[in-house]
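Trainee: Here is what each chain is made of, one letter per residue.
2 protein chains.
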Amino acid sequence: MNEQQQEGQAGYRAWLAYHPRMDSAASKEESLRYAWIASDDRDDTVRAAITEIVEGIGTMYGAAPRISATATDAAGENGPRDSEPNAAYGAGPGILVGTFAANERLRDIFGVEVAELGREGFAIRAKDGVTAIGAHTPVGALYGAFHLLRLLATGIDESELEIVERPANKLRMINQWDNIDGSIERGYAGSSIFYKDDEIDFDPARIRDYARLLASTGINAIAINNVNAHRLESRFVTGDYLPRIAELAAIFRVYGIRLLLSINFAAPIEVGGLPTADPLDADVKRWWRERAADIYAAIPDFGGFLVKADSENRPGPFTYGRGHAEGANMLAEALEAHGGLVVWRCFVYNCKQDWRDRKTDRARAAYDHFLPLDGAFRDNVVLQIKNGPMDFQVREPVSPLLGAMERTNQVVEFQITQEYTGQQRHLCYLVPQWKTVLDFETRALGEASPVKRVVDGSVHGRALGGFAAVSNIGADTNWTGHPLAQSNLYGYGRLAWNPELSAEAIAEEWALQTFGSNRQVADAVVDMLMDSLDIYESYTAPLGVGWMVNPNHHYGPNVDGYEYDKWGTYHFADRDGVGVDRTVLSGTGYAGQYMGANAGTYESFAECPDELLLFFHHVPYGHRLKSGLTVIQHIYDTHFDGALRAAGLAERWASLEGLVPADDYDEALARFREQAEHAKEWRDRINTYFYRKSGVPDERGRTIY
Amino acid sequence: MNEQQQEGQAGYRAWLAYHPRMDSAASKEESLRYAWIASDDRDDTVRAAITEIVEGIGTMYGAAPRISATATDAAGENGPRDSEPNAAYGAGPGILVGTFAANERLRDIFGVEVAELGREGFAIRAKDGVTAIGAHTPVGALYGAFHLLRLLATGIDESELEIVERPANKLRMINQWDNIDGSIERGYAGSSIFYKDDEIDFDPARIRDYARLLASTGINAIAINNVNAHRLESRFVTGDYLPRIAELAAIFRVYGIRLLLSINFAAPIEVGGLPTADPLDADVKRWWRERAADIYAAIPDFGGFLVKADSENRPGPFTYGRGHAEGANMLAEALEAHGGLVVWRCFVYNCKQDWRDRKTDRARAAYDHFLPLDGAFRDNVVLQIKNGPMDFQVREPVSPLLGAMERTNQVVEFQITQEYTGQQRHLCYLVPQWKTVLDFETRALGEASPVKRVVDGSVHGRALGGFAAVSNIGADTNWTGHPLAQSNLYGYGRLAWNPELSAEAIAEEWALQTFGSNRQVADAVVDMLMDSLDIYESYTAPLGVGWMVNPNHHYGPNVDGYEYDKWGTYHFADRDGVGVDRTVLSGTGYAGQYMGANAGTYESFAECPDELLLFFHHVPYGHRLKSGLTVIQHIYDTHFDGALRAAGLAERWASLEGLVPADDYDEALARFREQAEHAKEWRDRINTYFYRKSGVPDERGRTIY
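Protein chains in written order, with our numbering: chain A, 357 to 1061; chain B, 357 to 1061.
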């Protein structure tokens, strides 16, 4: 714990707040179950698990477990010490934590059924007064410790614990879009905690707390710099910056998190002094091999490279007449011997010109570029595919590339930072959106190929897969600006570990841990979170059409903001109708990229789901949706309704005054009020725009001006 | 001359380039007419006139006049000296320059008819081989010197000169919107030449050259800081900055230019430590009187204060329940004893809310605020009224306030800097626009009350009046970014001196002085300048509706950019029509602010001039203009045509390669090419927008997409 977690720093502790239990009698009784904690492991990760448990239980119950002598060393110099060496270990109620290999007593308690845990799983069993957390690895034990604390904080009765968990996904990654000047691309919570003024500059205590937050949800990898790696960031792979990067890696390592770097494909030229970055050039290959060797000398468990190439003016293999596979494989070869990965982003499109091009459908780009390359990538390459074909809109169909490549490792990329979903000034709990993506049936193998089974590798039998997402944190005390936006970071990690968790269950876990066990607070917060995505969607761009935002910064309504621009983001609204014809029959053909019956569903004007209708079809304003409303009336109704519901969020939050910490309360209330005002602006701009275009009045006679 | 006027610094000398005459035989002969120059005046201003003539004639003819002994002192240490004292004076052809009071021979030459010249006028007469420039004041003599040089540079035969000139307007002012951080609000030619890094920081040689340029056109006042005076600029009126401001004033003084300061109405609070800025508060009055005394102690001919109050969130008397007259008069009282003016801007409107308000017509604001105050202002207050009711759009009607106040001093405000007219990346010669304004018949007194006669004071017998305009210069070597944008600064000064000059005559003067006497160049440049306003108007917002620009920076097309914003700048386009109903009968009533028959002309759908139709009326797309075209076809035709004509400008300029200095050529060519591309973008955005709204295809079948 560092000094930032003081009074007046509400929000900093986030979901690791370990609020004191409100029922002090019950609390006292429960605390007796954890009189001591012990482990025979001696590594930093198990020490971290012990420290966390001592802190968590101590804060929640008012009495910290004594660290038994055998575990004293593990807790390190600063942990509380048992006054009676060995007295507690094994006698009376307590906690055992660690690896099976090091702890004979854990092997005794769990017996033989533990193989299924894998490298990162854990088992928890309460037996004979001892709560045992066992794993094959120290990080498994750490995950188990966080899990036990989560159960205690959310009020689960832990007397009959019998838990076996392992993560669904191998790769559970966070991408920081942080720049070395201290700014964060699409960051809405202050400046970077990693960089400042063109230097790597961080507070180790804050980085450790970030690692704790991430590890508590199960995150195991972090790319620490922006995928748009600019001139100075290009040099991260050279010697100058490596000592500081290694310090960061060492902090994350304790929490089971491997560090990756976003690289600049042109680095051999920009910082290597070579005349080319051609991936087939022998000098280029050698240069990258040397960089990999340097990095692994400093960071033995380095995770690998994250690459955005040949997209939005980033350099890449196309310059040299090479393809994505040749580019990725060259880097993969350099990392292979060290166990590193190449994570290659599929957000690939380029504007061929300075002016709009309505013939090319940008939605097609990822599929068109990558499908032909299936099987061409090395085993340590993973393609990182955005959840939708465009760019993190509030509503998009699922990317047709997910599941389409049978012989290629894939991770799905989400955006935790709310670039298009209110920039942490509007409440938008994104877990329901991600659940929709994960549960989407790709039909890759008939009827049992949802996205979550594609990216965990099981559909196509891939050894590697998982999740990536863009972080939403910054140097703001509460990490995420909007206090409730923490739920998105938390929820992402939890889903990456277990995509079967419901959005509501995650919301409830988060609320109870963050605000304590007051049910009134938790219920209100869960309701607000669960409503928020629908509210946001209702007052912004309708029916999946997207992009009605201000260019560049992407905050606030601008119906035609992207309509006359070069980015391939058009809604084609005219006086008769709106929407993009992406059918095979008469449109861009994008609908045909889907597998099996999905293609037909989207192709069909009648079958296409309402919420995606304008993404796939250009539709007259008078067309009746499945809801029975016309398109234009749907627009009016959802926008009037959405603005009212946004105002309701502010009221609901106001009802919690005095029940949540004052800092959090004030911070969030100001944002809810901004959201309510801003939702009215959204309502009026969208409604006026479509009223003026269509000339159709609101059936219910409300004022559109 | 300073060292910036070297090779490779083309553009710096602007219209004072004094190109060598191309016909060397004629040149030689003419130069004989100016063998010497003499004056009995001894002040800095006449010295400057002599220096200018020596430099100008020397450069143009290859032989500088000898400064006669009697004038040697006047030319100062650095002027060329006559080798034979007194030998030249009065013998053979030469130039006499100075005041009648100091020069007996001037009195002899001109006789008695010189009273009409006033304080700033001059007379030129060539008689008996002597070219005489006489005036009542040194600055009159300076204006005469510049005029003679203009005649020589433009090739006027000066053997029979008989010229009497006096300025039409008393106040001929430039407003610098320069900020002390070195930035310039709406500046498109580099940073400030006055400020840098929160300090007053200038190169005296450059300021002197700016003063020369201004004085050569007749400018006699300059407000040196942004009308939006911020915290540091508020302190210009206190002691700290005055020594440096006095240095600037001293440079301008030599060239007959009085210095003014833009003030912050809240300065008594912000820098004076008073609890209020209430104009009726005794302490506030005293504070301003003290400031005025301080300033005049440092700058005896200080011009006065320029004030933007109670507009766009600037502080003003409204805060204290006072009106504009009370605010202005309080400042005027403080300045009165010293001979200073208060120039009070009428660009007054405020957004009452954060969101749009379609009921209030911002166009009405200046008239509604100020008309009731007629007669309430002190004699040393001048109202500065923007040429149109909105904000320097390419086409607006003339402000109805101009001429409406009989007992109030008025100056018309133009914008030389091209905020809404292409930002010195597009060519837009604004003199024709200003001429339209100046020639507009206000009907204040029946049929002989054009704006130019209102602002020169003659219509209502006001002692004070004139022109103000926002400068377009910055630290770019060529002053204005686009080399041809210099013509706007030149033209503004010339019009302020003499509003009867034609736009074409001014263009020709400017071209010949700037690029030399090559007729091919001058003819091409004049043609381009004269076409440019119409070209710019044709591809931007149609028929006077304005505001189809990107918010904030105001560059480039954004048809709905201001349509849903709070600034009162709406075009009301819907599927049926476009334009703002400002009639009395059914609209905002703005048309009724005009005097006499003008009100009826604008009120009438049939009589309203085409070019202002959408400013005054909401019109169906199918309405036939007086041109015979429908509104929608007019939009299509002008936009297709405008883009073609913009491309033609680039071609015409390209034909001058080798005939204009290479730096100018390259600089302008790059801008013409940008303009041509950008005009296509304008064309496509506007046409597509209206095509989608109206559904009416182009009669001529051109592609609108």
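Treat each hint with caution, since some may be false.
As the list claims (entries may be wrong) - Each pair of labels, with its calculated beta carbon distance range:
hint, chain 1, residue 1, chain 2, residue 2, range
1, B, Ser814, A, Asp713, 36 to 46 Å
2, B, Trp923, A, Gly731, 10 to 20 Å
3, B, Asp1022, A, Gly731, 25 to 35 Å
4, A, Asn669, B, Glu1030, 13 to 23 Å
Said to hold, decoys possible - To be clear about the criterion: a stretch of chain B counts as covered by chain A if any three or more of its residues have a C-beta under 8 Å from a C-beta of chain A, and this derived list gives those stretches:
hint, region
5, 622-632
6, 1046-1058
FYI, nobody ran anything at the bench for these hints, they're computed from the structure.
For glycine and all other residues, C-beta sits at the position ideal for the given N, C-alpha and C.
Trainee: Hint by hint, note whether the structure agrees.
Mentor: Right, here's what the structure says about each hint:
no. : hint                                : verdict
1   : B:Ser814 with A:Asp713: 36 to 46 Å  : violated (59 Å)
2   : B:Trp923 with A:Gly731: 10 to 20 Å  : violated (57 Å)
3   : B:Asp1022 with A:Gly731: 25 to 35 Å : violated (53 Å)
4   : A:Asn669 with B:Glu1030: 13 to 23 Å : holds (20 Å)
5   : 622-632                             : violated (count 0)
6   : 1046-1058                           : holds (count 5)
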